[in-house]
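S.K.: Protein chains in written order, with my numbering: chain A, 1 to 501; chain B, 1 to 327.
Rather than coming from a laboratory, the hints here were simulated on the basis of the structure. Be aware that a few hints might be false.
To be verified - Simulated pairs of lysine to any residue, SDA-like, Cα-Cα distance not exceeding 25 angstroms:
1) B:Lys133 x A:Val96
2) B:Lys133 x A:Glu471
3) B:Lys175 x B:Val316
4) B:Lys142 x B:Ile297
5) B:Lys175 x A:Arg193
6) B:Lys175 x A:Pro22
7) B:Lys133 x A:Ile105
8) B:Lys133 x A:Gln89
9) B:Lys133 x A:Leu93
10) B:Lys175 x B:Asp186
11) B:Lys133 x A:Asp98
12) B:Lys133 x A:Ala85
13) B:Lys133 x A:Pro104
14) B:Lys133 x A:Arg94
15) B:Lys133 x A:Pro103
16) B:Lys133 x A:Gly101
17) B:Lys133 x A:Leu102
18) B:Lys175 x B:Ser185
19) B:Lys133 x A:Ile100
20) B:Lys133 x B:Thr295
21) B:Lys133 x A:Tyr95
22) B:Lys133 x A:Leu99
23) B:Lys175 x A:Asp208
24) B:Lys142 x A:Arg193
25) B:Lys133 x A:Thr97
26) B:Lys175 x B:Ala308
27) B:Lys175 x A:Gly21
28) B:Lys175 x A:Ala23
29) B:Lys133 x A:Asn90
30) B:Lys133 x A:Arg106
What the hints assert, rightly or not - Listed next, the stretches of chain A that the computed footprint assigns to chain B, with coverage defined by at least 3 CB atoms under 8 angstroms from CB atoms of chain B:
31) 74-84
32) 88-95
33) 197-205
34) 456-469
Unchecked claim - With the C-beta cut set under 8 angstroms, the calculated list includes, among others, these residues of chain B facing chain A:
35) Asp29
36) Ser30
37) Asp34
38) Val56
39) Ala62
40) Ser66
A virtual CB, placed ideally from N, CA and C, is assigned to each residue, including glycine.
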Amino acid sequence: MLTLAPLAAVMWRAEAPGGLGPADWAAIRFSVWQALISAALSVALAIPVVRALARQSFAGRGLLVMLLGAPFILPVIVAIFGLLAVFGQNGLLRYVTDLIGLPPIRIYGLHGIVLANVFFNLPLATRLLLQGWQAIPSERFRLAASLGMDRAEIHRFLERPMLREAAPGALAIIFLVCTTSFAIALALGGGPRATTVELAIYQAFRFDFDLAKAALLAGVQFLITLIAALISFRFSVPAVLGAGLDRDLRRWDAQSGWPRALDAAAIAAAALFLLLPLTMVVLRGAPAIAGIGPDVWQAALRSLIVAVAAAGLTVGLALALSTASTASRLRPVRRGYEAAGYLGIAISPLVIGTGLYVMIFPFANPVGLALPVTVLVNAALALPFALRILLPAVQATERDFGRLADSLALTGITRLRWLLLPRLRRPLGFAAGLSAALSMGDLGVIALFADPRQATLPLEMYRLMAAYRTEDAAGAALLLLILSLALFWLFDRGGRINADA
Amino acid sequence: MKYSLVAAGLLAGSTAFAETPVLTVYTYDSFVSDWGPGPAVEAAFEETCTCDLQFVGTGDGAALLSRLRLEGARTEADIVLGLDTSLTAAAADTGLFAPHSVAAEFDLPIAWNDPVFVPYDWGYFAFVYETGKLATPPQSLKALADSDISILIQDPRSSTPGLGLLLWVKAAYGKEAPAVWEALSDNIVTVTKGWSEAYGLFLEGEADMVLSYTTSPAYHLIAEEDDGKAAAPFDEGHYMQIEVAAKVASTDQPDLADAFLEFMVTDGFQSVIPTTNWMYPAVTPEGGLPDGFDTLIEPSASLLISAADAPSVRDVALGEWLEALSQ
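The following block holds chain A by itself, in its conformation from the complex (with noise of 0.2 angstroms):
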């Protein structure tokens, strides 16, 4: 409904709908085909850090973790600026390639979105895997070493299967997210050969005040997201490892020296990719933070309120969405509610604030809603990661311990209370703090609502640098960094108190 109500009020808003130009079906191409690489390019190079971080204990590995998901929850162009850094024309690799005689890297074009891209996503697909290999029970692997299986036959019977299941739906949100992406492929696109679906819809409503356009490029993004989800539906097969008694994990497989090794290099090679930037990012705003303004930290204050607040809402719509989904004996009544929950990130925030601004614009002042506004619209926005991690604990739950509660009679808030929410402590505070990072790093609708006077953290940093003010603007970034990180933190460490495993 949050999603789908604004494209129709847009729609209702516009005159008689034209066609699609071949401009268009260009930007549609080019969205689709960036996503596609980015998203295969996340999982695939995810894959091998996941299985390192999963089989081995080493300290400071949750730390680490923690640090690898950060670019993600970071705001578009706090990132970009982290990147180049790292990879532009003055950055640490153009150093490097001086030193050792090579011609330095352009990092614009369709390899400068698919780096940015896979920058972003590679942390997701991280997360979302290194979930799915933490549910498989400890004592799988430990049935795998009293049978002295070797890591092919570990990686056939145990993490092969894992992977069936969760790799697809990772790809399809990564997918999904890269097909929406605005800010990313203009910055480092190279030029108008880079539009994308998103941008379209910027032009159709700024440029030529086309609503009906804008509306029917949103369709066409629904349409993307529906295939997407169908097709990861049609892929993801359900990993069948049974339940599990929480025991301490340990992989007798990979402490000799080669996996360790490999799983070394993987590491570090990500660590490496992720941290570089971010540590620049950190470098670049550490001289500012101390001079930031009170109207910088009003607009923190304002931020976390909507990001703590965005994400329960998140947290608790994905728990309902994921409950009634597994709860439903039909199979196109399951899909669907999770087909629902994707809807948040295949429409585009402009065609939603705008959808909304329609709708609300007759009965009161959208600007004095501002806020409310947002916290909804950022929490339909982080829906589906909070599903994508919600939706597979609930069903392994309900496979492994439903029985057991049945015949318990728990229904309702009992079932809830002791079953579910025990359960799920884990990917529960993993999605609210993902949701309140994300919320929190979210420029989106704010931008077309709100009045300077109610601006968010990222807003009022966009604001410092339309006003030159870089160096201002590089401290606000610094602090919207260590907001968002502090925030999934906490929600992070919640979840895992007495659960650690």
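Add chain B to chain A, keeping to what the hints say.
M.R.: Below, chain B alone, put in the same frame as chain A:
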């Protein structure tokens, strides 16, 4: 809970002001920010009017017009401030604006006689560079296109300066514009969504030059005491941006709106513009321009496509631009 408190606070605020008339001005974001002209203008106007001047910021100039079109005649806006001449024809066509009664001696490079829109500031688009890094800047668009100097520009579909460059090339070269864009295409490092991204990338050293305004170096000189940035004067002349305001036809405060437009061309408003909006005032204030503005380049010719022609030229030029850069 917190929202209801905020809402209660807002309600209390609006009842307290119920006696004084409220003039609502829709404008772009950066006008209202603490570093923009908004706060000083508000204080100065409220001294003269016994009214409450409220600015509402909405994105940039193009977003401003879209907002007004969405709201139509039921809008709360009394004044819209921040459109430019590439948008005024489309804005006038909506029928949402009323004629003004301002008579002022404008210090614009061109004669101004629009019955609906009143200019409040103006500037020239230009390519800005660092004097320490680029010893011999190009002296024309053509020379830039033939050189291997790297530039950052903005997308005309989402940015005002980006559209400005589109019209600049068209005004200077007409039918030859596609050839100029083809020659320029290998100079372009990337095309960003808005001015902020491009300027930010330029400050990070991603390219030799960035599309901005002739007045940009004044910011670095006055606010940062950095004289290392300059705008390159081009032989073809520079395209102008004239920013305007107008009275909304459906206003419930027509007299106050007229008074604001009158005030807009006086010193109280105009003297704030140079060092907050970093543009030239439409009517030079009595004290002249601030120190530092005298160091800026003065273009040999001012280019501007008339407001009436802008929409059709814009569409043709966008098609050519897409064609030339998509190859």
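S.K.: Any hints this thing doesn't respect? Which numbers, in order?
M.R.: none
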